[in-house]
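Chemist: Residue numbers (numbering that gives the first Met the number 0), protein chains in the order written: chain D, 0 to 331; chain E, 0 to 331.
The hints are all genuine.
One copy or two, it doesn't matter: identical chains are merged, so the pair holds either way.
Simulated pairs of lysine-lysine, DSSO-like, Cα-Cα distance not exceeding 27 angstroms: (1) Lys234 / Lys255; (2) Lys277 / Lys144; (3) Lys277 / Lys255; (4) Lys185 / Lys116; (5) Lys167 / Lys205; (6) Lys277 / Lys259; (7) Lys260 / Lys277; (8) Lys90 / Lys277; (9) Lys234 / Lys260; (10) Lys234 / Lys277; (11) Lys259 / Lys234; (12) Lys8 / Lys329; (13) Lys16 / Lys255; (14) Lys8 / Lys36; (15) Lys16 / Lys260; (16) Lys16 / Lys259; (17) Lys167 / Lys260; (18) Lys205 / Lys144; (19) Lys205 / Lys234; (20) Lys286 / Lys116.
Simulated from the structure, these hints should not be mistaken for lab results.
2 protein chains.
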Amino acid sequence: MKKGDLQMKAILVNEDKSLRWDNVPNPVLTENEVLVKVEYAALNRADLMQREGDYPPPAGCPEWMGLEVSGEIVEMTDGAKAKSNYKIGDKVCALLGGGGYAEYVSVKYDMCMPVPKNCTMAEAAAIPEAFATAYLKLFVEGHAKSGDTLLMQAGASGLASVIIPMAKAFGLHVVTTVISNPENIKHLGADLVVDTRIQSLPEVLKTEEAAGRAIDIAIDCLGGQNLGDCLPYVKYGCRWIVIATLAGTNTNIDLKNIYKKNIRIVGSTLRSRTPEMKALILSNLVKEVWSRVESGEVKPTVYKILPITEAEAAHDILYRGENVGKVVLKVQ
Amino acid sequence: MKKGDLQMKAILVNEDKSLRWDNVPNPVLTENEVLVKVEYAALNRADLMQREGDYPPPAGCPEWMGLEVSGEIVEMTDGAKAKSNYKIGDKVCALLGGGGYAEYVSVKYDMCMPVPKNCTMAEAAAIPEAFATAYLKLFVEGHAKSGDTLLMQAGASGLASVIIPMAKAFGLHVVTTVISNPENIKHLGADLVVDTRIQSLPEVLKTEEAAGRAIDIAIDCLGGQNLGDCLPYVKYGCRWIVIATLAGTNTNIDLKNIYKKNIRIVGSTLRSRTPEMKALILSNLVKEVWSRVESGEVKPTVYKILPITEAEAAHDILYRGENVGKVVLKVQ
Chain D
0 MKKGDLQMKA
10 ILVNEDKSLR
20 WDNVPNPVLT
30 ENEVLVKVEY
40 AALNRADLMQ
50 REGDYPPPAG
60 CPEWMGLEVS
70 GEIVEMTDGA
80 KAKSNYKIGD
90 KVCALLGGGG
100 YAEYVSVKYD
110 MCMPVPKNCT
120 MAEAAAIPEA
130 FATAYLKLFV
140 EGHAKSGDTL
150 LMQAGASGLA
160 SVIIPMAKAF
170 GLHVVTTVIS
180 NPENIKHLGA
190 DLVVDTRIQS
200 LPEVLKTEEA
210 AGRAIDIAID
220 CLGGQNLGDC
230 LPYVKYGCRW
240 IVIATLAGTN
250 TNIDLKNIYK
260 KNIRIVGSTL
270 RSRTPEMKAL
280 ILSNLVKEVW
290 SRVESGEVKP
300 TVYKILPITE
310 AEAAHDILYR
320 GENVGKVVLK
330 VQ
Chain E
0 MKKGDLQMKA
10 ILVNEDKSLR
20 WDNVPNPVLT
30 ENEVLVKVEY
40 AALNRADLMQ
50 REGDYPPPAG
60 CPEWMGLEVS
70 GEIVEMTDGA
80 KAKSNYKIGD
90 KVCALLGGGG
100 YAEYVSVKYD
110 MCMPVPKNCT
120 MAEAAAIPEA
130 FATAYLKLFV
140 EGHAKSGDTL
150 LMQAGASGLA
160 SVIIPMAKAF
170 GLHVVTTVIS
180 NPENIKHLGA
190 DLVVDTRIQS
200 LPEVLKTEEA
210 AGRAIDIAID
220 CLGGQNLGDC
230 LPYVKYGCRW
240 IVIATLAGTN
250 TNIDLKNIYK
260 KNIRIVGSTL
270 RSRTPEMKAL
280 ILSNLVKEVW
290 SRVESGEVKP
300 TVYKILPITE
310 AEAAHDILYR
320 GENVGKVVLK
330 VQ
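Chain D extracted, bound-state conformation (with noise of 0.2 angstroms):
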């Protein structure tokens, strides 16, 4: 492909925040980055908020959406052949900062991973985000440990059906929470899932404290009034870590809570890491999450595939909350 030449395809925001699929610049590769041919973009609730204009790309990316995809490897640069075992014609998955909702994507050799055996093409495209997020909170701001009690909130997305797997697999007890049928979720593991429609999730968080099985770590996509009226129930040391507010961005908190239980409450994201923090966390993900990808005991969850040109559609399966599990779009 010739630099600048409007020759690939992307989906792109209208004025009216509709969807289109366009010409746009081809990548241009720079050190370190390979060219990967899309097969799949899978779908993040964070690309409906760049969508609204309200999660900016980072700097150096392209601007339509996309943080994940999976496809090969069909440019390498020298640096990239160098420093990394990939070659031309490999099938890898990759985490980006924005620009998966392409035909071609440019990207750092380390935030490639090769795709796991047992794994499917979608599945594979499905896995970065979740995975490297999921792993991100467990281990390295939850510092999640065998015998941890896990509280994860929002049992039914995309993320929970990765991290309720990861952290059973690694010996955690798992609590989690629904706003649909529990049994929806009931193959992922979870010890303890709290149908919040009917069950207060303070009432039931006192309940399990009592029982000697306080939360030591949060996952928490909700947010809301909830965080604050949990804390009198964690552990002495909780990590709660804050990923999003769906439930709403307002929190009332007892501080007295926090430093007599040394709790840390924890704002997370995984975009914003350093690329060094990313490569480091790809590499352990490879490392130590690989082989129970491979077992089949933690695996990711495909709810739905559609063509690229319906990106609407599928964005509007994550705006209902409809899935269980991730939505991939079928590049080529």
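Keeping the supplied structure of chain D fixed, place chain E upon it in accordance with the hints.
Modeler: Same frame as chain D, now just chain E:
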């Protein structure tokens, strides 16, 4: 001294919360402990909370107050002799789980530090809690490094009188707050003193952020709504360390600030740390900070010395918030 004899005196709390200097059992040395004949015991705000029944001493500690003392080693267990360089007659200061308001206290050898050259015994008593707390907050929780901006709340407090010079000695830019004459703390060397009687801290932080000096670390003994109101103006990755809530226990937080900027709100009390962590902090203090105490760069500020029999009058000074620096009791 014979075990269990009612020989030694200590400060006890009467039912009406008044204090008396009365007989108590002598300390009984357990493994790795030394017996310190107390010369001075320094006051901490936690003593007031303990007196009011709000902050019970950890298991195994005497019921009487007192988190730090200076004095002379008068007895040593075999373990302490074998594992430490101390000998009978050494002058030390010590960090305690409790029990410092007394004629004698037993303490593990690794909770003692040599009295720095250049310090009186009264000053030495004012070192352990404040310096260990300062080290924990600044370096363990705060990951402070040269060039960082620190917000230290309550610049006239005992802790601030240590943290501000320590932060300056290690190359930080320091913002602090007062509700009294800013001139009173001029000698501490803060770069910016905010008089919150006439200035809004969130407004000041907004201005500082605009000038490229958003804070990296806050050490906050006030809490209250100011905490939530300041968060929009802190730097990406800010560590906001809550150590008390003198201005109010409740705060309303916009969680978007937390996760978008990877902020962490960290509850932190020294007293509840593991003995291993405390020993590590004390050992680091002697290694990294003692030379700066001996050079006079960082030093304990003793506001007033009263006899132990006037412990109640000494507490009143803290209740009134009158002191700049530490209040110390002379025991013998």
